[in-house]
Every structure is written in structure tokens, then in C-alpha cells.
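Chains as they are written, first to last, in our numbering: chain A, 1 to 290; chain B, 1 to 160; chain C, 1 to 764.
Do not take every clue at face value.
Claimed, not checked - Pairwise CB distance ranges (calculated): (1) E70/B to D673/C: 42 to 48 angstroms; (2) D673/C to S23/A: 34 to 40 angstroms; (3) P79/C to K160/A: 58 to 64 angstroms; (4) K3/B to K160/A: 30 to 36 angstroms; (5) D55/B to E140/A: 30 to 36 angstroms.
Derived by calculation from the structure, the hints in this document are not laboratory data.
Idealized CB from N, CA, C, for every residue including glycine.
The primary structure of each chain is shown beneath.
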Amino acid sequence: MPSPNYAAPATVEEAVGILAGASGLAKVLSGGTDLLVQLRSGRSRPDLIVDTKRIPGVIGIREENGAFVIGAATPGVMLSANEAFVAAYPGVVEGVDLIGSQQIQGRASLAGNLCNASPAADSVPAMIAARAVAVIAGPEGRREMPVEAIVTGPGQTSLKKGEFVLEFRLPAPRPRQSDAYLRFIPRTEMDIAVVGCGVNVTLDASGTCTDARVVLGAVAPTQVIVEEAAQALIGHRLDEGTQERLAAAASRACRPINDKRGTIEFRVKIAGVLARRTAAIAFERAQKRA
Amino acid sequence: MSKHHVSTTINGEPTEFLCEAQQTLLDVLRDELLLTGSKEGCSSGDCGACSVIVDGNVVCSCLMLGVEAEGHTIQTIEGIAQGDKLHPVQQKFLEHAALQCGFCTPGLIVAAKALLDENLNPTEEEARYWLAGNLCRCTGYDKVIRAVLDAAAEMRGAAQ
Amino acid sequence: MNAFAKEDLRVVGTRPVRPDGVDKVTGRANFGADMTMPGMLWGRIKRSPHAHARIIGINTEKAAALPGVKAVVTRADFPDVAPERAYIGEAPANLRDLSRNCIAQGKVLYEGHAVAAVAAVSPAVAAQAVDLIEVDYEVLPHVMDVEAAMASDAPLLHDDVFTVGVDPKPAKPSNVAKVVRFKKGDIEAGFAEAEHIIERRYTTKPVHQAYIEPHACVVSVGSDNQCTIWSSSQGHFMVRGYTSRIVGAEIADIRAIPAEIGGGFGGKTIVYLEPVAYMLSKKSGRPVKIVMSREEVFRGSGPTSGAVVEVKLGAKKDGRIVAGQVVLKYQAGAFPGSPVNQGAMCAFASYDLPNVDVVGYDVLSNRPKVAAYRAPGSPIAAFGVESCMDELARELRIDPLELRAKNAAKDGTKAAHGPTWANIGYINTVEAAKRTEHYQTPLGPNQGRGVASGFWFNAGGESSAAVHVNEDGTVTVTEGHPDIGGSRASMAMMVAEVLGVPYDRVRPVVGDTTAIGFSAVTGGSRVTFAGGMAVTRATEQVVEELKRRAAVTWDISPEAVEWRDGQAFPAGANAGSFEPLSLAALAAKSARTGGPISAEVQLNAQGAGPGFATHICDVEIDRETGYVKILRYTAVQDVGRAIHPAYVEGQMQGGVAQGVGWALNEEYIYDQDGRLENPGFLDYRVPVAPDMPMIETVLVEVPNPRHPFGARGCGEVPIVPPMATVANAICDAIGIRMRDLPMSPPKVLAALDETMPPTRAAAE
């Protein structure tokens with residue numbers, strides 16, 4: 001394959017222009033931990049690689065009145081090192097942290113993990129549970145979309161030609177709101193999630209859930225927001241009955257496949273187990289955030 | 001195919017090279033700069049044999065394009081020792097016999113050095129998880145972890 | 001009798017830093033892919049996408065015409081090889097099969113089988129050129145599973161393979177390449193006499209050695225046929241020999257230089273790339289480098305067999321086993337040669353059984369040709385036999401170590417495969433295991449403990465070594481064994497011990513094929529044994545020469561000279577009162593006393609001491625997910641004499657980790673078209689650092705009297721027990737018997753759910 005072209009635009013406008021004007025296949029290069037594997041294996045043969053990392057603001061985290069703005073290409077290690085963000089969204093950080101090894105953490109980004117659109121992406125369930133919003137730059141200017149609207153299928157996004165994710169916005173967490181992410185893998189590390197679960201809850205002073213989002217990964221072509229699971233939590237404390245209803249709802253929401261990482265039967269069971277365990281952690285964290 | 005000109009700093013030395021867009025940093029280190037200490041084990045970021053430190057973070061050089069190195073600071077296995085003075089991690093690997101074939105050793109040493117740059121008192125579990133991205137097929141990791149923890153202890157002692 | 005008593009040893013048994021250590025921790029050491037030669041081209045191989053197909057035609061025109069391509073080769077460039085057998089590597093190799101494995105002839109027999117190759121000015125051009133080679137295939141039905149391949153209507157891989165070991169010779173060709181059989185006593189009578197019979201079936205999947213260094217070589221052939229091969233392998237004499245026969249070159253025209261090797265475990269005791277690189281170099285007139293990608297390693301190089309192991313044991317109620325029967329069905333892959341023979345011999349080797357019947361089948365299937373993997377054949381057989389022993393122990397309510405002790409092979413036991421054991425330490429490992437603190441430690445909920453044993457023959461064979469005393473009294477020892485695990489340190493230690501000089505005065509070198517005599521592969525756990533024997537004998541000859549030089553200097557008889565602590569002494573007052581002469585002093589005047597002081601020894605070492613081990617493992621199971629955590633692991637092994645204890649421990653720990661991976665997560669996963677779905681380290685799941693605990697080792701030393709220092713091979717035994725050890729621990733923890741490897745979480749959970757009532761399942 002002839003070598004692709006490579007561009008490293010210095011501004012958003014330049015990047016949009018290059019992407020919109022590309023004649024062949026153009027791929028955005030963020031952390032590169034998915035794209036380079038695909039380049040090497042021949043699975044992806046772009047004509048143009050557009051490296052967004054020189055655009056100001058694309059790498060970095062800032063707070064705006066308690067809300068967080070995260071540059072699209074911010075590597076995992078930067079997120080884990082940001083104490084305020086870890087305190088506000090430990091579940092999102094957990095998800096990012098679980099993307100591969102320490103070496104992967106040095107490069108991998110939220111935008112890359114999202115736009116690579118693997119059903120098993122580790123950062124996405126907690127991001128959806130957190131109601132994160134993606135800010136997209138494109139030929140028609142900027143627009144915002146909830147992150148769950150970005151991924152439309154395995155390897156597919158709703159982004160139009162010329163568009164790329166610029167940054168993410170996560171709202172300031174409320175008192176007694178927190179999150180958690182767990183995944184099941186056969187080893188202790190280095191595996192793609194067989195099932196992933198992100199839970200974000202808000203509690204009142206008595207420990208009763210007033211708001212919740214339960215999101216499953218790797219059990220369907222895209223992440224699944226399990227409404228029924230959220231309903232099982234809202235208005236309740238996390239007693240045994242609630243946990244069983246939660247687990248059952250999670251298992252029922254699965255539409256998985258058999259593949260080299262897990263069977264349908266196994267994924268359905270594990271979804272329930274993880275939903276329970278993840279909710280327990282989220283509840284405990286939320287209690288502590290008065 | 002036109003090549004890109006890249007200026008970077010490698011092991012403290014200003015370094016320039018030419019590369020094609022699809023050449024990874026690992027390709028460039030090994031084939032253009034003849035720094036063959038970083039190894040290719042998988043080219044998919046799963047084995048860590050190609051580990052280098054970029055701007056203080058340990059990364060897989062097979063997952064970076066050579067062109068992405070522009071303006072950044074890179075440390076490879078060749079730059080871990082200072083002249084003929086081995087880094088404590090290197091010395092402990094030798095003392096603990098923490099290598100058998102030695103192929104994964106450069107990547108492990110770079111990653112371990114990055115760990116100790118950040119945390120001089122890791123627990124056994126922390127060390128194992130930090131090194132989860134460095135596959136070793138020969139040692140079963142036992143002596144590797146002992147060497148890393150012993151290097152940490154020595155560096156803590158020296159820091160006092 | 002060993003020449004050296006343990007208490008007199010000063011170097012052997014200590015833990016000095018290895019001589020190649022600094023190079024390896026600084027990145028200076030050169031492995032297979034680290035070599036560059038002037039004018040070098042990059043080679044790349046075209047591989048079959050089909051599991052089984054006839055090659056109708058190959059069109060290389062477009063590839064050859066691509067600018068930057070300097071050579072293209074196909075089967076047509078290689079000479080035909082007669083189907084002769086030649087013993088060069090670790091196991092008898094059929095040279096024609098090996099040649100057809102390096103580049104397909106007529107048919108492709110597995111996905112990944114090499115069909116053509118190019119050499120070009122850059123890796124990118126080589127990759128483009130490979131894509132331009134057009135191969136016309138007639139896709140044939142394929143067969144993957146071992147028992148499916150044995151069926152009479154299975155797709156046939158070779159129409160000229162007739163089952164060997166069957167009398168009369170069959171008229172029809174078969175995928176069953178060979179049947180082996182061992183018998184002892186009368187198996188029917190044995191079972192008739194048994195008070196308790198247990199019969200079980202166990203299955204395993206193919207697993208890969210998964211060395212971190214992919215195969216790599218640089219080969220340069222001149223127009224005068226003089227050839228240099230730089231490659232990492234487990235034997236450069238093997239590389240030279242196989243390459244010469246596959247390409248039709250004379251052995252003396254090839255110089256094979258051993259690169260440092262990044263792991264082999266048996267998988268690099270054969271060649272894949274060197275003959276192809278040779279042809280590309282010959283055609284292009286330039287050196288050619290070929291490096292396999294990780295995907296190519298998985299698709300195109302040999303894993304070990306997947307297998308079926310059927311075990312039947314008959315015992316008395318008190319635990320004495322009176323009958324042992326095993327049927328082994330091992331996949332050979334595309335060409336005959338699974339390790340079923342070794343598996344059959346190892347199956348009951350640890351035990352003293354009066355009646356034994358072992359049958360083994362070597363079965364072809366459309367997978368890569370299997371290559372040796374650490375104690376080839378033994379781990380698979382042990383998974384079956386040692387799991388069955390555990391099942392028997394439970395049914396008889398006898399402690400599993402006690403059951404083994406009751407039936408242990410000892411000195412004087414006649415093994416089922418023929419030899420009578422002498423100087424073996426199996427029972428010592430069982431007793432040492434019982435005494436460990438590990439074995440006494442209580443367990444918690446969902447935790448279990450398993451034990452299992454294992455055996456490997458260890459090998460002797462051909463080794464050469466040369467010892468040279470340098471002018472300043474330092475010593476160079478040259479040997480011909482690539483150093484996979486620290487062996488050159490052990491060679492230097494043995495030389496230093498015999499000479500009585502400090503270790504750092506001895507420098508070991510792994511010489512290329514022109515620098516030292518023929519040496520067989522680094523494999524079979526033979527280097528410390530056979531290589532050690534060669535270096536020791538050569539050093540002893542040097543010592544005799546040094547004594548002779550002292551005698552010349554003092555003008556006395558050589559019999560009147562002693563050698564001690566690195567110096568020559570007059571032997572007693574009658575010899576005369578002379579000041580001792582050091583190695584350095586004798587070296588300095590060597591020209592005047594007769595010339596350079598050296599000795600070279602070639603031998604075919606006999607008397608390798610067999611190795612036995614007993615392992616203990618504690619696991620904890622997450623009952624809701626089937627996840628198995630290894631809590632604690634102790635490996636007890638008879639190592640004869642640990643020359644360098646840290647490297648012996650390292651061999652044990654490495655073997656354990658590979659066995660744990662084999663037990664829990666490693667497997668080749670194929671789709672319906674016979675294509676490998678997991679040719680990478682993401683989904684071929686070897687243990688990572690947090691998967692393993694510290695691995696405790698107990699070194700039992702029952703010296704091997706045939707080795708000057710008592711050493712026995714130690715590198716292979718440690719991979720034999722772990723699969724059964726882990727399976728037995730899982731059974732102890734949750735009462736579930738896993739009989740199919742790997743014991744991955746979905747399978748453990750499914751087994752748990754089958755036997756337990758639903759507790760928290762969805763029930764709305």
C-alpha cells in the first residue's frame with residue numbers, strides 16, 4: 001500500500017478544511033492506539049492521516065464552574081493524574097484506566113476510544129452514564145451531541161465528512177452523585193472487555209437513589225443504556241431485592257454474540273453480576289460525596 | 001513516496017530523521033537510527049517489548065508514528081544507563097537473574113524505570129499491574145518483580 | 001561418581017552475574033532482527049488464506065515488475081528433496097516435509113502456509129509486492145479436529161501417508177500417520193485384579209510456545225555459493241544442516257552465526273525462514289532479511305498438538321495401582337510428527353505399575369505442522385494421567401500425594417517404555433512437597449489446593465567445546481549452544497571450578513559453525529548436561545597440559561605436579577621445593593614450554609539424568625464469573641545439582657507460568673473455514689504479570705552420577721505438572737472436575753451452573 005499522507009493541522013479550521021477536502025479515506029489520529037494497529041494489520045488503509053494533537057486545547061482538562069472540559073486527544077495518564085476529575089468521575093477514570101496497559105495509557109484518548117466504535121470500548125459506558133457530551137467541529141461549525149449518539153454500530157459513527165470530535169463536556173456532579181465502571185476479562189489485564197458496565201447514581205441523604213444511568217458494553221452492537229435497570233434503582237436503596245431486579249434487567253437487555261471472547265450465555269450472566277457489583281461501588285462512592 | 005523530516009530529542013541528543021508516514025517510531029528507531037535495543041514483539045501494542053518513554057510517559061513505540069515524534073523528548077533503553085553506570089533497575093535485573101533470553105528485558109527495564117520515576121514505593125501488586133503490558137515468556141515474572149521492588153528500595157535508601 | 005563433592009565447590013552453586021547480562025539490560029545484545037548487512041533487502045512471504053487447497057498456479061509477473069523488487073521465489077526455485085529422514089534437530093525430521101513446510105509444494109495444508117516470497121528495497125515495497133502475487137487455488141474441504149481427522153471419510157491431507165505401526169501395512173492412505181504402542185505385563189489381568197476402576201477422557205487445544213521474539217534471519221549468498229546465515233535459533237548447526245539440504249547447498253559453504261535468541265521453548269529447533277531467505281539472496285545477489293510478524297508466527301509456525309487423552313486406571317482399595325491404560329490422540333498438523341511417542345513414554349513414567357498399555361496416534365489435520373514445545377508430548381499426557389490420579393485419590397479417599405508415594409517409581413523400577421530407573425529423585429519430590437509450609441497452610445472459602453507430578457527424559461547428545469588459555473591467564477571457553485536461559489554462565493562456572501580460578505577470569509563464547517565443532521540443539525534440557533560435560537572434559541585436558549608445562553619448567557615428571565586453586569604445585573616434598581606457578585605465569589611462558597595451551601573436546605553425551613517434579617497450587621474461584629485466581633504455587637523438582645541456582649529457579653518458574661497459561665486461557669481458536677481467529681497477543685492470552693503470584697521453588701538434589709557435577713536437565717520438567725495441578729486445585733475448591741483445556745471462565749461458570757441450583761439468576 002502506498003504510504004498515506006500525513007497532516008498535523010495547527011487549528012480547528014485547518015483540520016476541518018483538510019478533512020472536508022480529502023479525496024480518499026481520511027482518518028483522524030488521536031492517541032493512535034487503535035489506528036496504528038489497524039494500519040499495520042492492513043485492516044485500515046487510509047489515504048490521509050490527520051493528526052489533531054497540535055490543535056490548542058485538544059490535549060488537556062479544564063474546569064468550568066465545576067463542569068469538566070476534556071480535550072479529545074487527552075491521554076489516559078493525564079486523566080488519571082487529575083485529582084479533581086478523579087474525585088468527580090472515578091468511574092469514567094476507571095474505564096479509561098482499563099484501556100490496555102500502562103503504555104496504552106500514555107497515548108489512548110477518550111475520542112479515539114469512542115470513535116473507534118468498538119462495542120467493548122472501556123471508557124464509553126461510564127461516559128454515557130455520566131451524560132457526557134461530545135463537542136464536534138465540522139464544516140458547518142460546532143455542534144454538541146450526547147456521546148451515545150456518536151456510535152451507530154461496530155466501527156461506525158454518526159460523524160459526517162469533515163467532522164471530528166474536539167472535546168468532551170461532563171457536567172459538574174451533584175452532591176451524592178458518583179459513578180463506577182467494572183468489566184469482566186479472563187485475565188487480570190490486557191484483554192478486551194467481555195462485558196463492561198458503567199453505573200452513575202445520585203442519592204438523597206437517606207441513601208435512596210434519585211437518579212441513575214446503567215450502561216452495558218460488549219453485549220450488543222453498540223453500548224446499551226438499560227432504562228429498566230435505572231428504574232430498578234430509582235426510588236430505592238441498594239437492598240437485595242433491588243440488586244436482583246437490577247441484575248435481571250441488565251441480563252435481559254443483552255443482545256450479545258458468540259465470539260472468541262465470550263459466549264452469549266456467559267455474557268448474559270456476567271452482565272447481571274457486573275451490574276450488581278458496579279452499582280454497589282457507585283452507591284458507596286455516592287454516599288461519601290455529600 | 002515523499003518522506004517527512006522530523007526533529008526530536010532522543011536520549012538527550014537532538015536527532016533528525018526522514019521517514020514515511022506509515023513508519024512507526026519503532027521502525028524509525030530500529031531501521032533508520034539503528035537503535036535496535038527496542039524490540040518488535042507484536043506490532044499491536046500487546047507485548048511492550050518496544051517500550052520507550054515519551055515526555056515522561058512510557059508508551060509502545062509501535063503505536064506511535066515516526067512523524068508524531070516531532071518536537072518531543074524520547075528515552076529508549078539505550079539511554080537508561082548513564083555512560084557505564086547502570087540504572088539501579090538494570091543492576092537489580094542482573095543481580096536477581098531477572099532475565100533469561102533477554103528479549104523482553106529492554107521493554108521491562110524502560111517500563112520499570114518509568115514506574116520508579118513516578119512511585120518509589122510500589123507494592124508488589126502495583127508493580128505487577130504497571131508491568132502488565134510487558135509480556136515475558138521465560139521468567140514467570142517472579143524475579144522481575146523482585147528486581148523492581150529491590151531497585152525501588154535501593155533508590156529510596158539513596159534518596160534519604 | 002561425581003568428580004566434585006558438593007562441599008568442595010567454590011563457583012558451581014553460586015549465583016554470579018551472567019556474562020551477557022550487561023548487553024541484555026542495555027539493549028546492546030543483538031537478536032535475530034537486529035542485524036543489518038550492507039546492500040540488504042527486505043524479504044516477505046506470501047501465505048495461504050486457505051486451510052486446505054491445491055495450488056493451480058502462481059503468477060509473479062506483477063510482483064517482479066514492481067520497482068524496488070529484486071527477487072521473487074516460489075517452489076519452482078527449490079530442489080526436490082527425497083523423503084529421507086535425517087536427525088539434525090531435536091526430533092527426527094523428514095527433510096521433504098520440512099522443505100514443503102518452508103514453501104508449499106502442490107498443496108497448501110494450513111492457513112498461513114508459505115507459497116512464495118519476495119525481496120525488495122524496503123518493507124513497504126516488499127509488502128506491496130506480496131499483495132501483487134496472484135495465486136490460483138482450488139479450495140478443498142479441510143479437517144481440524146483430531147478425531148474428525150481420524151475418521152475414514154475425513155478429507156485426506158496426503159495421499160502418500162500410510163499409517164506406520166500397523167501390521168499389515170494399510171492399503172489406503174490415512175490422516176493417521178503413525179500408531180505407537182507400549183505394553184508391560186498383562187493389562188486385562190491387571191484390570192481383572194483391580195478393586196476399583198476409573199475411566200476418564202480429557203481434551204486439550206493447540207497452544208503456541210509464544211516466544212516474544214518472532215523468527216528472524218539475515219542470509220547472504222555470494223555468486224560463489226559462500227553463504228552467511230545470521231539467525232536466532234535453538235541450534236545454528238541445525239540451521240546450517242537443514243538449510244543446506246533444503247536449498248541443495250554443501251554444508252561447508254554455509255556459515256551459520258547464532259544471534260542471541262529471544263525464547264524458543266522448542267519452537268526454534270527447526271527452520272522456516274532461512275531456506276527462503278537463502279533463495280532470495282541467491283537470486284538477487286544481495287543479503288536478505290526476513291522477520292516474521294507476530295501474526296505470521298501464530299499462523300505460520302508450529303504450535304504444539306491439541307489432543308484427546310483417555311485414561312483408565314485400576315487400583316486396589318489401598319491405593320496400589322495394578323493397571324494403567326492410556327490412549328493418546330495427538331494432532332501433528334500438516335505433516336507427520338506430533339510428540340505422541342514421547343507422550344506415550346512419559347504418561348506413566350513416574351509410577352511403578354505392573355500392567356501398562358499405552359497407545360498413541362499421530363494424526364494429520366489442516367493446522368500448522370506442530371513444533372516441539374517444552375517437554376513435547378509430556379504435559380498433555382500428564383494432564384490426563386495426573387487429573388485421573390487425582391480423581392482416583394478422591395474416590396478412594398486417599399491423600400493425592402500419598403497415592404503418588406504409594407505408586408512411585410524408584411531406583412530399580414522398570415518403566416513401561418523400557419529403561420530401569422537408577423539414581424532418580426521422584427519420591428524425593430513427593431516427600432519434599434508434603435513437607436512444604438505451603439502444603440500445610442489452611443485454605444479459605446472458594447479456595448482449593450491441587451498437586452500433580454511430571455517427568456521428562458532430558459537428553460544427552462553431541463556437544464563440542466574448546467578451552468583456550470590466553471596470554472594473560474584469562475580463559476576463553478567456546479561452545480556451540482545458543483544461550484536461551486543463561487547457560488553460558490554455567491559453562492564459565494564449570495570451567496572456573498575445574499581450573500580453580502575466579503569466575504570472572506573465564507569468558508564464554510557461543511561460537512558460530514566455523515568456530516567450534518558440531519553441537520546439537522539447545523533443547524531437550526541438554527546444554528548444562530552435555531555441553532557441561534564437554535567444557536569440563538576440555539578443561540580437565542587443559543589442566544593436564546598446565547601440569548605438564550609446570551613439569552617442564554621445573555624439570556620434573558608431570559606425575560609429580562598437582563593442580564590446585566588455579567596453580568601448579570609440586571606434589572609433595574620429594575618432588576622438589578618450587579614456588580607454585582599460577583595460570584597467568586604458565587600462560588605467559590607458554591610459547592617457551594610448548595606453544596598455545598588449549599583443548600577441544602567433541603562428545604556424544606550419554607547418561608542424561610531423567611527429571612521429575614511435583615507441584616502444588618492454590619486457587620480461588622469467583623463462583624459468579626468462573627474466574628480462577630492462582631493464589632500460590634510451589635514447584636518441587638529434582639535438579640541433580642544446581643550449577644547456577646538462580647537460573648535453575650528461573651527455568652522452573654518460567655515452565656510453571658507457561659503451564660498456567662496452558663491450563664487457564666491459551667488456545668488456538670479457529671473459524672469454520674479453518675482460519676485462526678486469534679493470531680495475536682490480544683486474544684492469544686498468555687499470563688501477564690498480575691496473573692501470577694511469586695512462584696516458590698524447592699530444588700531437590702539427587703545428583704546424576706554421569707555428570708561431573710551431578711547435573712540433570714531442568715528446563716522442561718516444570719511445564720509438565722501445571723495443567724493437572726490447576727485442574728486438581730479447581731476441583732478441590734468447587735468440586736467441579738474440568739477435563740477440557742483451557743479452563744477459561746465461561747467453561748468454569750457453565751460447569752458450576754450445571755451442578756448448582758440457580759441462586760441469584762433472573763427469575764421474574
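Going through the hints against the structure:
1. The hinted window of 42 to 48 angstroms between E70/B and D673/C holds, with their beta carbons roughly 43 angstroms apart.
2. Between D673/C and S23/A the CB atoms are about 35 angstroms apart, so this pair conforms to the stated range of 34 to 40 angstroms.
3. Restraint check, P79/C to K160/A: a C-beta distance of roughly 59 angstroms satisfies the suggested window 58 to 64 angstroms.
4. For K3/B and K160/A, the Cβ-Cβ distance of about 33 angstroms falls inside the hinted range of 30 to 36 angstroms, so the restraint holds.
5. One distance hint, 30 to 36 angstroms for the beta-carbon pair D55/B and E140/A, holds here, with the actual separation near 35 angstroms.
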